[in-house]
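Novice: Throw the hints in and build the complete structure from the sequences for me.
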Amino acid sequence: MASSTVTSRTPRGLGAIGVIGALFLVLPLFGIVRRVAWTSLWEQLTSTQVTEALRLSLLASFLATLCALILGFPLAWLLARAHFRGRALLRALVTLPMVMPPVVGGIALLGVYGRTNGLLGSFLFDTFGVQVTFSLTAVVIAETFVALPFLVLAIEGGLRSIDPRHEEAAAVMGAGPWQRMSHVTFRLLRPSLVAGVAVAWARALGEFGATITFAGNIEGRTQTTPLAVYMLLESEPEAAYALSLVLVVVCVAVLFALRDQWLGRRS
Amino acid sequence: MVFNFGSTTALVSQVQAGAPADVFAAADTASIDRLRTSGLVSAPSRIFAVNTLGLAVKRGNPLHIRSVADLQKAKVVSLCAKTVPCGVYASKVIQRAGLALAESNITRGIDAKATVGAVVNGDADAAVVYVTDIAASARLVTTITIPTAQNVIAKYSITTLQRAKNAVAAHAFLQYVTSSAGVQTMTRFGFGRP
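Taken in order, these protein sequences are the chains called A and B.
Read in order, the letters of the first sequence correspond to residues 57 to 323 in my numbering.
Read in order, the letters of the second sequence correspond to residues 85 to 278 in my numbering.
Each hint can be trusted.
Covered stretches of chain A (in silico footprint by chain B; criterion: 3 or more residues with CB under 8 angstroms from a CB of chain B, positions within the stretch not fixed):
no., region
1, 165 to 173
2, 178 to 190
3, 274 to 280
Selected chain A positions facing chain B (Cβ under 8 angstroms, derived; list incomplete):
no., residue
4, Met-287
5, Glu-290
6, Ser-291
Hints listed in this document are in silico derivations from the structure and should not be mistaken for laboratory results.
All residues carry an ideal CB built from backbone N, CA and C; glycine is no exception.
Specialist: This is the structure in structure tokens:
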């Protein structure tokens, strides 16, 4: 078609800037690869501080993703399917942690779960002697807080794109609301669910600002991999680069696994 | 004049990475020696202030912490990173008190300010940091003095840098900081005379 050849022709200057833009994003990755000391890589990745941080990160990000899924699915359902006043406002509030500086998120969480002045935290501490902050629980809360919006938006988008006729057909055949959800909706939702879980998990894994503010920086207890990278950068830069490489490889693997979801399947 | 504050260790890395600085001041003397071996220092270093460590605990001292030894009552103790001077000094003080804190009870701040901050804003029970940093948050924490015999003396040193763009101004600033007027200013903020 004539019109498509016209629109597909890229102005020369624009293409050049586009290439610069791509380089701007890709070059820092080479910056990491270049600084990795390959010969001692294994040694650096098996030091106690590093393995502890990796173990903690895996555990906390897994728990956070699970929490985000449990809280996020019903929330996404409300946003996609329920009709109520203030839905637009609710969606705006839900997405806020995505754009908010994570350190601000950490301070906000202290305001709720802090032992001394926290809204719920002071009650928990005074009544049950339970301290949430500076614990694994705090790490999971911080990671859930930043990861949840990604999951909600992915699932909400998925729910909206489901053709309601599938569910109507199931209803006609006598399926109840829970049955319809588990047999029809969940199946159709799977691609967006997988994508949402993966992005939420990656975001939880990379969490830094809210964690250091709200959960502290305790080796083996709250020092997750990004925190360890930050601390190692001063003492053992080579180990910091090695650990950064691990995080980048994990993220690349996530993107690769989801290539169909995001790059769009060519028909 | 433009200031760039940070932990001594972080600032050393910045200077080594080519940060555009004229004067360098550190919370110890070893850091300037390290820069000197890299050929980045242009003048003999001078000590311009001394500092000691103190304990900062939650306001009102709910855990009744009276000494370094009492830190074993604390669930979370905030210390500077092991690699920055205030972390090294704190380890010495804790060792001298005959105390061995489990790493799982220690949260690490990237510098002295962040370390006190864990007690002020966060839920750490106590911090072992410079008395000057505690004094800066005096209204927000309760201060406990560490006796001289148990304490350490941090010697703050200053020098001009080889790559200084303003060598003359750098020298003048160094002269001022080490002058009696400069020392006077430092003592006003709780530092000791060199």
